[in-house]
Amino acid sequence: MYNKIMVPVDLAHLDPLAKALEVAADLARHYRAEVCYAGVTATAPSPLAHTPQEYQQKLDAFSKQQAAEHGQPVSARVVISHDPAADLDAVLVKAIEESGVDLVVMGTHLPRHLGILMPSHGGKVATHTDASILLVRP
Amino acid sequence: MATHSNDPNAKERSQPSEGIPAPEGPANLIDTDYVIGQDNLTTTALGVNVDLHGKVFAVSAIVVMFFVIVTLALQDQVAPLFDATFSFLTGNLAWFFLLSANIFVVLSLVLIFTPLGKVRIGGRDATPDFSYAGWFAMLFAAGMGIGLMYFGVSEPMSHYQSAMGGIATENGVRTDWAPLGAAEGDQGAAISLGMAATIFHWGLHPWAIYAVVALALAIFSYNKGLPLTMRSIFYPILGERVWGWPGHVIDILAVFATLFGLATSLGLGAQQATSGLNDLFNIPDTHTTMVLLIIAITIVAMGSIVLGVDKGVKRLSQLNMGLAFLLLAFVIIVGPTLLIATGIFQNLASYLINLPALSMPFAREDANFSQGWTAFYWAWWISWSPFVGMFIARVSRGRTVREFLIAVLLVPSFVSVIWMTSFGGAGIDQLLAGTFEGEADALFVMLAGLPLVEITSFIAIVLVVVFFITSSDSGSLVIDTITAGGKVDAPKPQRVFWAIIEGAIAIALLIGGGLAALQAAVISTGLPFTLVLLVGCYAIIKGLMSEPRG
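Sequences listed follow chains A and B, in order. If you count by this note's numbering, then the first sequence holds residues 1 to 138, one letter each, in order. If you count by this note's numbering, then the second sequence holds residues 1 to 550, one letter each, in order.
There could be a bad hint or two in this list.
Here are some chain B residues pointing at chain A (derived, C-beta under 10 Å) [claimed, not checked]:
hint	residue
1	36
2	40
3	132
4	225
5	227
6	281
7	284
8	312
9	314
10	318
11	394
12	398
13	490
Hints were generated in silico from the structure; no laboratory data involved. Please read all numbers here as calculations on a predicted model, not as lab measurements. Where a beta carbon is used, it is the ideal one built from N, C-alpha and C, also for glycine.
Can you build the whole structure from these sequences, using the hints too?
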């Protein structure tokens, strides 16, 4: 059914993602699919990494750790953005298209008061891509 | 973009991501225990995420409120105080501003030709974030877009007239405002000197000021891994202390200069745009119009902020470059074409010939000019440098130092030569023909002397407004990054917040009065920032020496 599952991860906030990571791993086992962990980073130094290369190393380490825990084949994809606060959805959609992903498993927050002004990323990504999207609430 | 699949060594490298491994590409990171954002306050209030540097944000906000309230409440008392501070600085420390600016120019020019110019911002393998067109449009729009609109016609004319008037003395003190030795009664020489003086104020020196701040920030952020805030360039001197109060103070000062610089220009700019609208459409020149204009500019800026750098400020900057180019081409073709074409080379030559005398910091006979014009401009450019420099740094990753300096120093200086020659030349031409009347809104008066005035004036007003939108947008980006402790991915509502604050301060000061007073206060921040920039020069050399070249 699915060959490649993408899980967008925010290495700075992994706790709320725990459920999405598990769901992705279960689905990957079921469909014998590869899981691609996608992380978005800015070019400027951030709390996680001083350079995009360093971020790539961290994401690689993270995906290998996931592989060791769950056993599915993994890959890591670093998506570089000039302005992650504004571009996140756009660069994710581009990464989804470029990497030939057919299912995206995204952790998302519960609807909030200001959801209309600041919609969650999951909803926005879903309207801009052909891949199936599974939004996982914490 | 590299994709790594599973490999048998996974177990070994599957350590949880604690501690920072050295990066793979050749770079020379500064080893510090400071983690970007470690002093930040992160919370979710009413469904809005915030991520702020507690101390910098709090103190900046309090200082801003304090200054606005004091300026509004005690206008008559503080205005003379701010003015006196500013006159003292330009009067007694003019030599310091002039000397420092010369150091920045020399350093920038020398770096182009040294092997250090080969260092690439962002590490040896970094690739540019933006295309040349987008990058250059943003550099120019942030750097001086708005000023060129206002001073393009009026400044050359002013210098020409004072040079024509010759030297006037009273009790042995020169009372005229002419540059250098003036050129009494000699029309050709007066035009040439007036142009040289104008280009001097808009050429190498201001761009060298921006280049120093931007290069220092870019090197310490993209190559050394320090956060993208002003304090990082002090690392070579203060070491780990930059993460404490000395660093907080530098950042707060940068926020202060940026916020008030933007708010005062937004207020003063709204006044001038309204007078243009009044000329063109008979829209009443009242406070209501100005307030509506500021609100409109702020709303569009907020839209642009929400769209981000790529879709917002970059596109607007490119639109503006297109419009500015059209207006320039129009003035050249419809105006005195031959005069402008030959003038470009004559004025460039005149600028270069007069450059040593104009930039001489000591023993100036033209005190009014060197203090009232030059020192004022230098203080003004320097007070804007944290904002423009940080924005330029942010968009310049992936360029080599040489490429960066040519694009930030030489190209814009040459564009200034063309712009000033065209707009000032057309203005002086009309003045000589006796068809020029007016002073304050010189640009619109000059355009009225050419055909199609309705269209060109409208384009000019649009240009002014869009330049303000890009300033408000990029300014909010910079303030947000500083108050978020150097994080460039802080939540978007924070940027919107700063844009609203800029608009609100501009409106409050416009209605309550005190814009001009506060502007004097902002320009006074030029003095501390001159010291920051001198440190920046040292930091650039120190930082570049330790980078891999080639």
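Find the hints from earlier in the document that the structure breaks and name them by number, from lowest to highest.
-> When the structure is compared with the hints, numbers 3, 6, 7 and 10 turn out to be violated.
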